[in-house]
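Starting from the known structure of chain Y, fit chain D onto it as the hints suggest.
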Amino acid sequence: MSKRIWQHPEIPADETTVSWRSVGQLEGSPAFREYMDREFPASAAAMADEADAETSRRSFLKLMGASSALAGLSMVACRRAEKYTVPYTQAPEWVIPGKALYYASAMPRATGAAPVVVTTFEGRPTKLGPNTLHPDSDGTDAFVQASVLDMYSPSRSQKILHHAKVATRADLEKALAEAAASGKIGFLFGADESPTRTRLSKELTAKFSGAKFYSYEPLAPAASAARAVADFSEADRIISFDCDFASLDPQGPVTPFFDRRKPEGKGYKAKRDVKTMNRLYAVESIFSLTGGMADHRLRIEPSKVLGIAAAIAKKLSVSHPLVATAAALDEKTQKWVDAAAEDLLASKGKALALAGSRTAPALKAIVQAINEALGAQGTTLKVLASDNAGFGDIAGLKKDIESGAVEYVFLLTPANPVFDAPADLAFVTTLQKAKASFHLGLRTDATAHAATWHIPAAHYLESWSDARSASGFHTLIQPMILPLYDDCVSELELLSALLEGKLVTGEESAAFAAVRKTFASDAASWKKALREGFTTGTSAAAPMPSIEAPAPSYQAVSEQSLDVIFSTDGSIFDGRWIDNAWLQESPDPISKLTWDNAALIAPKTAKALGIYDQVTELESPRAASPVDGEAGNRRAPIIKISLGGKDIEIPVLIAFGLAENTIVLPVGYGQGYDAEDELSRGPLNATHVGLVGVNRGVNVYPLRDSATTYMAQGAKVSLTDKRYSVALTQEHHAMYGRALAREISTLDGEKGSFEKQYDAVAKQGNDSHAPKNMSLYKQEGSKTWDADKDGNAKPHLSDDLHQWAMNIDLSSCMGCNACLVACQAENNIPVVGKEQVAKGRAMHWIRMDRYFAQNKDNTFDADSPAMVPQPVACVQCESAPCETVCPVNATVHTEDGLNAMAYNRCIGTRYCANNCPYKARRFNYFDYNKRNPLIAHNLYKGPAGVTQVGEAPHLQRNPNVTVRMRGVMEKCTYCVQRLKDAKIRQKRGQKQDVLASGKTSPEVAVTAQTLRIPVDSVKVACQEACPADAISFGNLLDEQAATVVRGRELARSYELLHYIGTIPRTLYMARVKNPNEKMPDAAFVGTATIHMA
Amino acid sequence: MANIFPRWTNLLPLKIAFCAGTAAVGVVAAFTVYATPKATVVGYQPSQPIPFSHKIHVDQLGLDCRYCHSFVDNSDHSNLPSANTCWNCHQHVQRQSPKLEPLHRAMDKTHPLYDGKPIQWVKVHKAPDYVKFSHSAHVNRGVSCVSCHGQVDQMEVVYHAKAHSMGFCLDCHRNPADNVRPLEEVFNLKYDPAEYLKQHVVLNDKGERISDPKEFGKKLSDVFKLQPRESCATCHH
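Sequence order for the protein chains is Y and D. In this text, residue positions in the first sequence follow numbering that gives the first Met the number 0: the first is 0, and each later residue adds one. In this text, residue positions in the second sequence follow numbering that gives the first Met the number 0: the first is 0, and each later residue adds one.
Excised from the complex, chain Y in its bound form (with noise of 0.2 Å):
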């Protein structure tokens, strides 16, 4: 460590919270102090040994010799090459070369189809955006984010497989001949909502008396008459049983849950007023983003959320049978069960409960009869009819395959049934049973071998179809472009086929049909719904429907006999998104594991079991697994885990906040394994998935029954001696400071009422007594001093039109990686791998911190922390550390107030990552858009690597961002090519004016407002994806008008790092927790700043 370290000042003896990242922070380990205070990690750069580094070092000499000798010899040559510039024959309509051409779609959801605009540049989809105008949009997240890249992914299906060999579409149309005239066809959809396809299975059923419909995806609920959607704006208590409605389980939209988490309102329009304020209750064994967001967490075991439930209700007096089962709780639990049920009733008629969708349907019972006592229905919550009403389940597909009621199954699903569906269901036999069965999918994965016919599936931005969001608004699907492959076919056209006798894809197809014949309307609202993406009627409104469940019996847990939690995963959902490179790559929100599954242990219980110093040891010697010559693998300890008679090995890493006795297992993983696998577990089944998904951690599908799809009971848990590498980035780009992230408490605390909590937020940790920052430049008195009417500098402003500006409040951030993926789709970031990630190479812009924090007087639950996120990327410094100790020039401030990046005049000295103080800057180690960082040791070999230009993943690329190369360094930028274009497009009113003037242009001066952008038009990609408007990003000039201004002048905003002296221009806002007094946790609630030293 050779580095000169900034010594930050020291955390008080008193300060009562003690926050941290990583298990491996709270244990002390030197590893994590290494990440501290190195900006890369020290294997980042290092060589294996000193031996190693002579040799590389004269290695290096001896080649750059040699390649400049090359070079002069080869000068000549260096002329540009002949190149062609190739307009369309026929231009069509709309296009414009290099101007972005936008959509309306949708992308259809089990939860609801996503509104979405599709940027894209001459055909080609690049982005994905909100709809804006849609009722339902509520930001993107991740997941729809990263779907634009599933359409370029270079393992995706392209071919007709019959018994997983390339067949002609002749042979696949005389099958679905045959299946036809059989008549009973069984036809297996996703859970999602399509007004066209309910429409054509109405009329399938009128041609064929045996046909059957069955939806299923593993973590949909089965198809019911009727579904229910919370309406957040209108409910100001909230209880939510395991429900991660923010994020992985949608109720319903979800921005109006977080404009209600700021004191301010939406947009802060409003006076700060706590009594506009959600509260939000969450009874939870896993920590969800959800969970992080609420005022007031109970972690309790899965098995005894029912008895929780089952006591509030018992507390609102609910006369429901399952009352009974309410458990018997300790003093403090129970005091914690009254008091949120009291508030909850007091706030009857805008009180709203809700049940994971996962979960037992004992506990939607139980809540279902909370919502009735607290008056839910049609305030907080609307009840509406579904399409899929009278769908069957896969069990009664498996049934009616069996009995011989359906002889062809049609496996529509986005799912995945041979390697997802319940394990008792044993999917693949049931499936040879029939006499053909067709897979329609996007990947060649388990099912599509399993399947007599696969079919490879049009993506949904290359197809026509049609969808229900949320509250049932039918919105419509249309295609950006051709599909990429001429086999594809998507659900509708296949449909069509059946019923027309003849399959129609491509420019004349026959879903365009289907959905315009089920529009109805005249030419003119069409026109409209497709601009808008949407009409204005919704599902018809019905009644709630009732839930028959008996109570059910759950045994005792222990550490002996652990309740295991089948999660979804927070990076591939339910595992279709396996060979998706950027959500395999972008951190799990909560334990940041990139890469790949592991299961997530609370420390107590690891501690009881015996196995929690292995897990905390996380680092292995270096030279013990060196590879491609640099160290940096981090392994973690392999726990078996037996349940009903079936063990499964998987790595284990210790999450905070977890209910004790209780293991969590993300399903989803595991699809495929080659010969280069690091457990040898290969090869197996490597053709089901593509070299993104290959060796990609555990399937614990198979441990998961039809009853317990959820949760299972009775689990044993023993170490074995194996280890297995994590690409953990957890303690990656860890930042020193005080205050980092600020909490505040709406209630009276120690530090003061809400008001004296708020105004002081700026004050907070060394804030309070650092002195203030000085201009050395502009000293009072001197030639430079310029006061404004206050008697404060006046800033230097060389552009007097547009200086930017973004604020991130923690008040609404949950931490999800929707503004990661999206930057990384509108900022061509490279994807480089599990061992580059593991060495602290990822290239995100946005670094998604997320701490634990804890009260050290907790009483209540001292091993439930806060979890507290903070989005950090570059701050755009005005006195920007990285800018001075560039010898290039290649980082440079821009008149609008922007720390540029001029990447091809970077040569790479990192100088300025190691003077960055927020460690915002990433570093391109290797070529990685270049040479296929996924290939195993493929980076390593240089020249001779095999390159991944020109592949389909190419053709994403947002064209106005440069696709950086190897030894460049790269960071966030504040969109500037999305500011450039908003500027040079209001240029254009220049020529307006001349012309409305009626004079000549010399005599018409232009004016600030003619070239100024207007209010709020501009959105960056983070911005724009965030489901909770926690961004806003604007023009400071714009004054109180830009939402970002009016933000930023509230007094919980503040400078991170603010006793630097760096003047950042992305101010962050203090998180406001709104607890409850009569808790017996509201002490502690809101305390949560964050202090790393």
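No lab work stands behind these hints, which were simulated from the structure alone. All residues carry an ideal CB built from backbone N, CA and C; glycine is no exception. Check before you lean on any hint, since a few could be wrong.
Claimed, not checked - Derived Cβ-Cβ restraints for the label pairs, each shown as a range:
| # | chain 1 | residue 1 | chain 2 | residue 2 | range |
| --- | --- | --- | --- | --- | --- |
| 1 | Y | Tyr-484 | D | Ser-164 | 39 to 49 Å |
| 2 | D | Pro-127 | Y | Ala-99 | 20 to 30 Å |
| 3 | D | Gly-42 | Y | Pro-942 | 30 to 40 Å |
Unchecked claim - Here are the simulated PhoX-like pairs of lysine-lysine, each with C-alpha atoms no more than 20 Å apart in a straight line:
| # | chain 1 | residue 1 | chain 2 | residue 2 |
| --- | --- | --- | --- | --- |
| 4 | D | Lys-125 | Y | Lys-82 |
| 5 | D | Lys-224 | Y | Lys-998 |
| 6 | Y | Lys-998 | D | Lys-125 |
| 7 | Y | Lys-82 | D | Lys-116 |
| 8 | D | Lys-125 | Y | Lys-98 |
| 9 | Y | Lys-998 | D | Lys-161 |
| 10 | Y | Lys-82 | D | Lys-161 |
| 11 | D | Lys-122 | Y | Lys-82 |
| 12 | D | Lys-224 | Y | Lys-986 |
| 13 | D | Lys-224 | Y | Lys-990 |
| 14 | D | Lys-189 | D | Lys-205 |
| 15 | D | Lys-122 | Y | Lys-982 |
Stated by the list, open to error - Short, incomplete list of chain D residues facing chain Y, as computed with Cβ under 7 Å:
| # | residue |
| --- | --- |
| 16 | Pro-101 |
| 17 | Ala-105 |
| 18 | Gln-119 |
| 19 | Ser-133 |
Just chain D now, kept in the frame of chain Y:
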């Protein structure tokens, strides 16, 4: 007296001369390649699939630049005309000219060699991938085609008239007054400021009539509020 210089120094002058010579050759070679006009491809004049003459179309027939480069004031790119633009006229005019064969192949369904494939024009002006140049930002603010592309209206065959080096860009960004002209004259390749000032009365701040083109340029950059940027992110991002 002992030798002052040891024996090994005998060859030293030769070694120095050799090294200095090599270095000099290197510098000359590098200069030739990277710093002479050839490096900036000035004068590059490839032959095109159709020998299109700007002189005939623009100078003699008076077509506006934007008839063919239709999105130059709208997009970053100045598009080449799609084949249907050429065909608008050439299905009637000079239809039999053998020079138009590639166009017939692309557009004329009656032609024996018709394949509907687009014409591949050879690129003359090319900005590197790491440079973002926007045509619309310039032509909408009073910078004419001529300023960068030369007298295209006089070219029989288009050639690279000016060095598009970074210095060339910066010269104008630092001093836009020399190249700015009234918005109405941007696509008039024959514009002459002295002539313009004779025909139009343009007054300076003192209320006097401007007759000096330089003063006119300054006046225009004031009226237009031109502030061309010099920071890297203006063109590199």
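Right, here's what the structure says about each hint:
no. : hint                                 : in the structure
1   : Y/Tyr-484 with D/Ser-164: 39 to 49 Å : holds, 44 Å
2   : D/Pro-127 with Y/Ala-99: 20 to 30 Å  : holds, 22 Å
3   : D/Gly-42 with Y/Pro-942: 30 to 40 Å  : holds, 34 Å
4   : D/Lys-125 with Y/Lys-82              : holds, 9 Å
5   : D/Lys-224 with Y/Lys-998             : holds, 17 Å
6   : Y/Lys-998 with D/Lys-125             : violated, 36 Å
7   : Y/Lys-82 with D/Lys-116              : holds, 17 Å
8   : D/Lys-125 with Y/Lys-98              : holds, 18 Å
9   : Y/Lys-998 with D/Lys-161             : violated, 33 Å
10  : Y/Lys-82 with D/Lys-161              : holds, 19 Å
11  : D/Lys-122 with Y/Lys-82              : holds, 5 Å
12  : D/Lys-224 with Y/Lys-986             : holds, 11 Å
13  : D/Lys-224 with Y/Lys-990             : holds, 13 Å
14  : D/Lys-189 with D/Lys-205             : violated, 30 Å
15  : D/Lys-122 with Y/Lys-982             : violated, 28 Å
16  : Pro-101                              : violated, 11 Å
17  : Ala-105                              : holds, 5 Å
18  : Gln-119                              : holds, 4 Å
19  : Ser-133                              : holds, 5 Å
Consistency with the previously given hints fails for numbers 6, 9, 14, 15 and 16, ordered from lowest to highest.
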